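Just so you know, the protein sequences line up as chains A and B, in that order.
To convert, note that position 143 of the first sequence is 143 in this note's numbering; the numbers rise steadily by one, no gaps.
Counting from 1 along the second sequence, just add 346 to a position and that's the residue number in this note's numbering.
Keep in mind that the hints were calculated from the coordinates and are not lab data.
One thing to keep in mind: the hints can contain errors.
[Stated by the list, open to error] Cβ-to-Cβ under 10 Å is the rule here; a few derived chain B residues that face chain A:
| # | residue |
| --- | --- |
| 1 | 420 |
| 2 | 421 |
| 3 | 424 |
| 4 | 433 |
| 5 | 435 |
| 6 | 436 |
| 7 | 439 |
| 8 | 446 |
| 9 | 453 |
| 10 | 462 |
| 11 | 501 |
| 12 | 815 |
Note that this is a predicted model, so its numbers are computed, not measured.
Note that the Cβ used here is the ideal one computed from N, Cα and C, for glycine as well.
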Amino acid sequence: MNFWSRTARISVCLTLIMMVMAILVEITPLGENPWMRVFFGVSALNLTLRAAIPLVLGALSGILCERSGIINIGIEGMMLAGAFAGFVAKSSTNDWPLYASLLYSVLVALGVGGLMGLLHGLFSIRFRMDQIISGTVIIILAAGLSSYLYDRDAISAGKFTPIPIPLLSEIPVIGPVLFDNAPITYLALILVFVVHFAIFHTRWGLRTRAVGEHPRAADTEGINVNRQRYVNTMMGGMLAGLAGGFLVLEAVGQFQEGMTAGRGFISLAAMIFGNWTPFGALGAATLFGYTQALQNEFLLAGVTTIPRQFVSMLPYIVTIVAVSGLVGRVRPPAAIGKPYDTEGSK
Amino acid sequence: MSESAILEARQISKYFPGVVANEDVNLSLNSGEILALLGENGAGKSTLMNIIYGLYQPSAGEILVKGQSVRMHSPRDAIDLGIGMVHQHFQLVPVMTVVENVMLGSESVRQGFLDRERVSKRIKQLSQDYQLEVDPTALVEDLPVGIRQRVEIIKALYREADILILDEPTAVLTPQEIEGLFSVMDLLRKQGKSIIFITHKLKEVLRIADRISVLRRGRVVGEATPLEATEPGLAAMMVGREVMLQVDKKEAQPGKPVLQVKGVEARDDLGEICLRNVELQIHAREIVGVAGVQGNGQTELVEVLTGLRKLDQGTLRIGGQELTNKNPREITDQGGICHVPEDRHAFGMVAGYSVANNLVLNSYYKPPFANGVTVRQEAIEQHAEVLVEKFDVRTPSVQTSGGSLSGGNQQKMVIARELSRPIQLLVAAQPTRGIDVGSIEFIHQQIVAKRDEGVAVLLVSSELDEILALSDRIVVMYRGSIIGEVYGKDATRQQLGLLMAGVKSTLTEGLD
Numbered sequence: 001m002n003f004w005s006r007t008a009r010i011s012v013c014l015t016l017i018m019m020v021m022a023i024l025v026e027i028t029p030l031g032e033n034p035w036m037r038v039f040f041g042v043s044a045l046n047l048t049l050r051a052a053i054p055l056v057l058g059a060l061s062g063i064l065c066e067r068s069g070i071i072n073i074g075i076e077g078m079m080l081a082g083a084f085a086g087f088v089a090k091s092s093t094n095d096w097p098l099y100a101s102l103l104y105s106v107l108v109a110l111g112v113g114g115l116m117g118l119l120h121g122l123f124s125i126r127f128r129m130d131q132i133i134s135g136t137v138i139i140i141l142a143a144g145l146s147s148y149l150y151d152r153d154a155i156s157a158g159k160f161t162p163i164p165i166p167l168l169s170e171i172p173v174i175g176p177v178l179f180d181n182a183p184i185t186y187l188a189l190i191l192v193f194v195v196h197f198a199i200f201h202t203r204w205g206l207r208t209r210a211v212g213e214h215p216r217a218a219d220t221e222g223i224n225v226n227r228q229r230y231v232n233t234m235m236g237g238m239l240a241g242l243a244g245g246f247l248v249l250e251a252v253g254q255f256q257e258g259m260t261a262g263r264g265f266i267s268l269a270a271m272i273f274g275n276w277t278p279f280g281a282l283g284a285a286t287l288f289g290y291t292q293a294l295q296n297e298f299l300l301a302g303v304t305t306i307p308r309q310f311v312s313m314l315p316y317i318v319t320i321v322a323v324s325g326l327v328g329r330v331r332p333p334a335a336i337g338k339p340y341d342t343e344g345s346k
Numbered sequence: 347m348s349e350s351a352i353l354e355a356r357q358i359s360k361y362f363p364g365v366v367a368n369e370d371v372n373l374s375l376n377s378g379e380i381l382a383l384l385g386e387n388g389a390g391k392s393t394l395m396n397i398i399y400g401l402y403q404p405s406a407g408e409i410l411v412k413g414q415s416v417r418m419h420s421p422r423d424a425i426d427l428g429i430g431m432v433h434q435h436f437q438l439v440p441v442m443t444v445v446e447n448v449m450l451g452s453e454s455v456r457q458g459f460l461d462r463e464r465v466s467k468r469i470k471q472l473s474q475d476y477q478l479e480v481d482p483t484a485l486v487e488d489l490p491v492g493i494r495q496r497v498e499i500i501k502a503l504y505r506e507a508d509i510l511i512l513d514e515p516t517a518v519l520t521p522q523e524i525e526g527l528f529s530v531m532d533l534l535r536k537q538g539k540s541i542i543f544i545t546h547k548l549k550e551v552l553r554i555a556d557r558i559s560v561l562r563r564g565r566v567v568g569e570a571t572p573l574e575a576t577e578p579g580l581a582a583m584m585v586g587r588e589v590m591l592q593v594d595k596k597e598a599q600p601g602k603p604v605l606q607v608k609g610v611e612a613r614d615d616l617g618e619i620c621l622r623n624v625e626l627q628i629h630a631r632e633i634v635g636v637a638g639v640q641g642n643g644q645t646e647l648v649e650v651l652t653g654l655r656k657l658d659q660g661t662l663r664i665g666g667q668e669l670t671n672k673n674p675r676e677i678t679d680q681g682g683i684c685h686v687p688e689d690r691h692a693f694g695m696v697a698g699y700s701v702a703n704n705l706v707l708n709s710y711y712k713p714p715f716a717n718g719v720t721v722r723q724e725a726i727e728q729h730a731e732v733l734v735e736k737f738d739v740r741t742p743s744v745q746t747s748g749g750s751l752s753g754g755n756q757q758k759m760v761i762a763r764e765l766s767r768p769i770q771l772l773v774a775a776q777p778t779r780g781i782d783v784g785s786i787e788f789i790h791q792q793i794v795a796k797r798d799e800g801v802a803v804l805l806v807s808s809e810l811d812e813i814l815a816l817s818d819r820i821v822v823m824y825r826g827s828i829i830g831e832v833y834g835k836d837a838t839r840q841q842l843g844l845l846m847a848g849v850k851s852t853l854t855e856g857l858d
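Chain A with its partners taken away, still in its complex shape (with noise of 0.2 Å):
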């Protein structure tokens, strides 16, 4: 099967890798030395998982999309304004109990997500429009809405908190990093798996796959092509969607405009290191939110040998790095960015 990929299997090896490290740095004297802490403590895992959730998030969305043939680039803007609709819901609903309001929240954000989803469908299938295009659309669509529709008096009053899960939060190390966190973070490593298996052991994932490598294939044994494509653009919008609530409803607390950051296109990074399989979104994205916690750790620590700019910049090098030289052989599906329809590609 190709869901383990080279670069899946080097980004668990890396993983492994850092996990043993942060259990020595916790329980032998290597703790001691403040680089190993500021490498491999426990705080650095954390701030990992944290950059790397929405990153997950993002790159699954991707994964929905192109492996049914649709390119998405716009996940950045499904994002937003997954991020813009979850704090607009949120911040009306401030009076209702927490939970309610931030349930009510995030399946906005979904909701929102998908509807983007569903115009870049729109736009690529029945429309047949470049889908780079489509996608800088909907990215500029949503950072100009939601700039220009954003009250900076609102509030979003509490967010979703740690929920440790009995016993396994209390293994050292392991447990305060993975089994103490909010449910968007658990939902999301969930996800992961969900995604996988559906892609690749169920009717759905095997239609998907052979939609976006071979439509004509598809179509000659009876599935819509163009269906199943919107099904999964749209699912990607809502994943992307997700991506944006975590920001609003999990990490932050509040909106910022254009808080994204880049994050939707880190997310296309991820996507492509991981040669479209979710375990391997998920390596890279681990490995791309490292980079995000160092650069917090060295400044936490007072590390000041290297200057400050060059640490922020560590993320974008390591993705860069990662997609052009590290990635090896990635293959995204063949008919990605192709328009299809019956009798038009006799």
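Got chain A; can you put chain B on it based on the hints?
What follows is chain B alone, placed relative to chain A:
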């Protein structure tokens, strides 16, 4: 209408914008027979089959399956009616396994998950029943074409099709593989399946069909049985006039060597070695045919000769000049090479350009067409008028866009451009692919005429008949190497077929 007709098409017409693909076509397929549908490229065979398979909607007419009038809105409906199709261009997803491809669209699911096990068992069963050996867990992209075709047939049988449409199934096979396919078809017929067999090859029709329908310009122009039909008769019916099945040419008088390829090694786009120690020499006044199953390095060989692909090792000399790893323009100019590319749309022409501009794609920068940095349109058009006349390119005017011509005329346009300057080597790859018989005849004559003028010719073709008809000498490529060489007049299909399959027989020994 006969009692036992399992499938009938009545008065089927199909119009595409500006094109009549089918008109008033009547066709009936009896239970348990093989009906050959014979016609040239572009005669409307594939369109008709796509209608029967529910991919296209007919503009008029009706289809009856087992006596019932049916309307098919998608292939799903056809599959449910027991119609299966093996497409000319295989409809298989390369990155998926055989199992996944077979079940696509008719998935077997257990508790929400794909039941690969069960499908795999069923495939093995079908493999056994119909002599269609295939490994269910293999990735399709790793399989050779012959096996991919088996997967396609299994796919149809898995859906319990009892009407099978085979669209040009022999086009991609070696002669031995074709025999294998015929015995499978025979077996299917014995088990009560009904088959529509589409082809433009007369020998095959006479060999396997029970009945023959001939399609020309979208209409059924005749019916026959193999007993009463003859090759020339069928050919005339297919083309609408008498055709020459043989190419008229004199014995070759090879002169001095023109092309010398020594120890050439090259890699394909994925970085795999695709040419291994290729040695080839072509003399003036000689046509050398390159036979082989597609994908055995022929494409890359042509690219190496024309400068489109770099050599890792070896040398390329044309007319005594060292031209190894020169760029295409240097090779064309200094080597006097002309290239008829195998994919005319991708490499041979610019569809949006006028015929006139297409005819100067390799000379627009030289006088009289260029005047410093500007082009001289009137010179280009005068030049075009002459060539269009000489090479019988049927076009409303030289300003017409190249893309709007028929396939045959596009190809004649490409040939006109390539042959209309002084050359010493002609490299023709699939020069007659997908074009009408009239154009094929014309192009063959042009190639032979060039040879007689003293040009060395390299002809690459996947049509064995074409290779046999034109070549003075034939080399066979297998997995990137030249595995054998025979003289054109001594060559037989069997011998070439074995070589194409990688079997080096004793027949070819003793020949240098």
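Going down the list of hints, with the structure as the test:
1. 420: Holds - the Cβ of residue 420 of chain B comes within 10 Å of chain A, reaching about 5 Å at its closest.
2. 421: Hint on residue 421 of chain B: holds, closest Cβ of chain A at ~5 Å, below 10 Å.
3. 424: 8 Å, holds
4. 433: 7 Å, holds
5. 435: Check passed: Cβ of residue 435 of chain B comes within 8 Å of chain A, closer than 10 Å.
6. 436: Because about 8 Å separates residue 436 of chain B from the closest Cβ in chain A, which is inside the 10 Å limit, the hint holds.
7. 439: Constraint on residue 439 of chain B satisfied, holds at 5 Å.
8. 446: 6 Å, holds
9. 453: 4 Å, holds
10. 462: 9 Å, holds
11. 501: With a minimum Cβ separation of about 8 Å from chain A (threshold 10 Å), the hint on residue 501 of chain B holds.
12. 815: 30 Å, violated
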